[in-house]
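Residue numbers (my numbering), protein chains in the order written: chain A, 1 to 348; chain B, 349 to 515.
A portion of the hints provided could be inaccurate.
As the list claims (entries may be wrong) - On the chain A side, residues computed to face chain B include the following (Cβ under 10 Å):
| no. | residue |
| --- | --- |
| 1 | M139 |
| 2 | G154 |
| 3 | L182 |
By construction, these hints were calculated from the structure, which means they are not laboratory data. Quick reminder that beta carbons are idealized off the backbone N, C-alpha and C, glycines included.
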Amino acid sequence: MLLAIDWALLLEKFILIALVVTVSMVVAMYATWGERKIAAVIQDRYGPNRAGPLGLFQPLADGLKLFMKEEIIPNASNKILFILGPSLAMLTALITSAVIPWGDKMEAFGRTISLQIADINIGILYVFGVVSLGVYGIMIGAWASNNKFSLMGGLRAASQIISYELAMGIVLIALLMTTGTLSLGEIVKQQQEGWWNVIKQPVGFVVFLICAFAECNRTPFDLAEAENELIGGYHSEFSSMKLGFYLFAEYINMFISSAVMATLYFGGYDIIPFYDESAWGLSTNTMAVLGLLALFAKIFVLIFVFMWVRWTIPRFRYDQLMNLGWKSLIPISLIWMLLTAVFMLLIK
Amino acid sequence: MNITEILFWFLSVLALIGALMMVTNKNPVYSVLWLIVVFFAISGHYILLNAQFLAIVNIIVYAGAIMVLFLFVIMLMNMNADNEPQKNKWLQLAGAVAGGSLLLVIVAALRKSETLAGQHTDAGGTTGLIHNLGQVLFKDFVLPFEISSILFLSAMVGAVVIGKKGD
Numbered sequence: 001m002l003l004a005i006d007w008a009l010l011l012e013k014f015i016l017i018a019l020v021v022t023v024s025m026v027v028a029m030y031a032t033w034g035e036r037k038i039a040a041v042i043q044d045r046y047g048p049n050r051a052g053p054l055g056l057f058q059p060l061a062d063g064l065k066l067f068m069k070e071e072i073i074p075n076a077s078n079k080i081l082f083i084l085g086p087s088l089a090m091l092t093a094l095i096t097s098a099v100i101p102w103g104d105k106m107e108a109f110g111r112t113i114s115l116q117i118a119d120i121n122i123g124i125l126y127v128f129g130v131v132s133l134g135v136y137g138i139m140i141g142a143w144a145s146n147n148k149f150s151l152m153g154g155l156r157a158a159s160q161i162i163s164y165e166l167a168m169g170i171v172l173i174a175l176l177m178t179t180g181t182l183s184l185g186e187i188v189k190q191q192q193e194g195w196w197n198v199i200k201q202p203v204g205f206v207v208f209l210i211c212a213f214a215e216c217n218r219t220p221f222d223l224a225e226a227e228n229e230l231i232g233g234y235h236s237e238f239s240s241m242k243l244g245f246y247l248f249a250e251y252i253n254m255f256i257s258s259a260v261m262a263t264l265y266f267g268g269y270d271i272i273p274f275y276d277e278s279a280w281g282l283s284t285n286t287m288a289v290l291g292l293l294a295l296f297a298k299i300f301v302l303i304f305v306f307m308w309v310r311w312t313i314p315r316f317r318y319d320q321l322m323n324l325g326w327k328s329l330i331p332i333s334l335i336w337m338l339l340t341a342v343f344m345l346l347i348k
Numbered sequence: 349m350n351i352t353e354i355l356f357w358f359l360s361v362l363a364l365i366g367a368l369m370m371v372t373n374k375n376p377v378y379s380v381l382w383l384i385v386v387f388f389a390i391s392g393h394y395i396l397l398n399a400q401f402l403a404i405v406n407i408i409v410y411a412g413a414i415m416v417l418f419l420f421v422i423m424l425m426n427m428n429a430d431n432e433p434q435k436n437k438w439l440q441l442a443g444a445v446a447g448g449s450l451l452l453v454i455v456a457a458l459r460k461s462e463t464l465a466g467q468h469t470d471a472g473g474t475t476g477l478i479h480n481l482g483q484v485l486f487k488d489f490v491l492p493f494e495i496s497s498i499l500f501l502s503a504m505v506g507a508v509v510i511g512k513k514g515d
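Extracted from the complex, chain A is given alone in its bound form:
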C-alpha cells in the first residue's frame, strides 16, 4: 500500500476546512457592513442603505468594485514580494481557525465528527505562533512597495505587534496555570460545567482584549495606517483586490481573535455558565448546533466591542502606544501572572 490514508477522514476534514474558510470570509464581508452600520448609529447617520434592503448588498457591491479596479504594480516595487505580501496577510489570518473548537461532536453517516479541524495538544501555542507570523504580510508588502510612507507604516505595525505579543503571552501563561492544558478543546470542556475563565482571569482577559486590538491593528492602535501621517500606511501603493486582501484580512483577524477570546475566556460553545446542558436530554446533533450558535453569538458580541471602541476612542500617539504596551501592560500582566501562581499554589 503506497498511501494508507483514511480517505473518509481526509474528506471530512477537507469539507470542514472549506466550510470554516467560507464562513470566515462571509462573516468578514458582513463585518464591513456591520462596521458601517454601527458607525452610523454612533454618529447618528443612516449608514449604507442604497444597495438592497438595509444596504445588505453593500459588501457584494464593494467586492465587485475592488475586483473591477485597475490592478497597479508600481515600477519601482519588488514584484514578487508585492504580490506575496497581501497573500501572506490573508493566509495567516485564515489558518488560526484550524484549532478553534467550533462546536461539540456531531454524528452523521455513522461517524462521529469533531467540529474542530485539529485538536492538537499545543493549541494555544499554535494560535500564538500564527499571530507572531501575522506581521510578515504587512512588513513584506510595505517594504516591497518601495515607498517611505509604506515602510514607516510597516515598521510601526511590526514593532506594535511584537510589543503587544509579550503582554499577550504572559497573560496566556496565567490562563494556562488555571487550566493546566494547552489544548483548546480541553479548555472548552473544562468550562462546560464549571466557571468560565473570564471569572477566574478578569485582569488577564482585559489585557488580552487590549493586545488583541493591537494585534489586529484596530483603532485606537491603527497607527500603521494613520492616514493623516502616512497617507494609507503600509497599503498606500496597493490597489484593486490586493488592497482588498489587506482590508479583508483585518476583518478576518477580528473575527478569528474574537473566536479565540470566546473560546479561551467565555466557554467556547458552552451555552449557559454554571449549568450542565446535557440535563436537557437533547440529541448530540441538536446540542452541537445550539453550541455553535452560542459560540457565534459570543463572537458577534466581541466583534461589536471591536467596532464600538473604534468609533468611540480616537487614535493614540505612537509614544503613548509604546508606553501603554511596555510600561503598563507588561508590568500588569507580570504581576497578574505572579498572583495567579501564588493563588494556585495556595489552593493546591
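Chain B: place on chain A using the hints.
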C-alpha cells in the same frame, strides 16, 4: 514508501533548497525569507518526530520573533544588491576556508552518530509531547530551567528600564 517517508524527503529537500537559496541570494530580504522557509521545514521534521512543542516554539521564537528583527534591520538599512560594496578577494577566500573547516568539523562529529542512535531513551513516541517535556524540565532540570527563565525575565525588564531612561 509510506507517507512519513515521503514527508521526510519533501521536508529535507525543502530545507536544503531553502538553505542554498538563502546563502546564494544577493538580496538580503530574500535571504531572510528563505531562512524562514528553512525554519518551517525543520519544524516539519520536529512534527514528524512527534515533538509538537519544539516545532511550534521553533516557529514562534525563530520565524516569528528573531527573523522579524532581522527583517526590521535589513529593511531599515536599505541594503540592495547594487550598492553593496564588492568584498576583497582574499576575504572571500578566507571565508571559504573557514566555512570548509566548519563543515569538516560537523562531518567528523556526525560520522560517529551511528553509534549514538541506539542510546536514546524511548518513551514510545511520546518523548516530545508537552507533558513529558514538562516532567523532565521541572523534575530533572528544574534549577537550570529556573535560572535561565530568570535570566530572560531580567533581560526583558532591563530592556524596559533602558527604554525608560529617555523620559
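Hints versus structure:
no.: 1; hint: M139; in the structure: 6 Å, holds
no.: 2; hint: G154; in the structure: 8 Å, holds
no.: 3; hint: L182; in the structure: 6 Å, holds
In terms of the numbered hints stated before, the structure departs from none.
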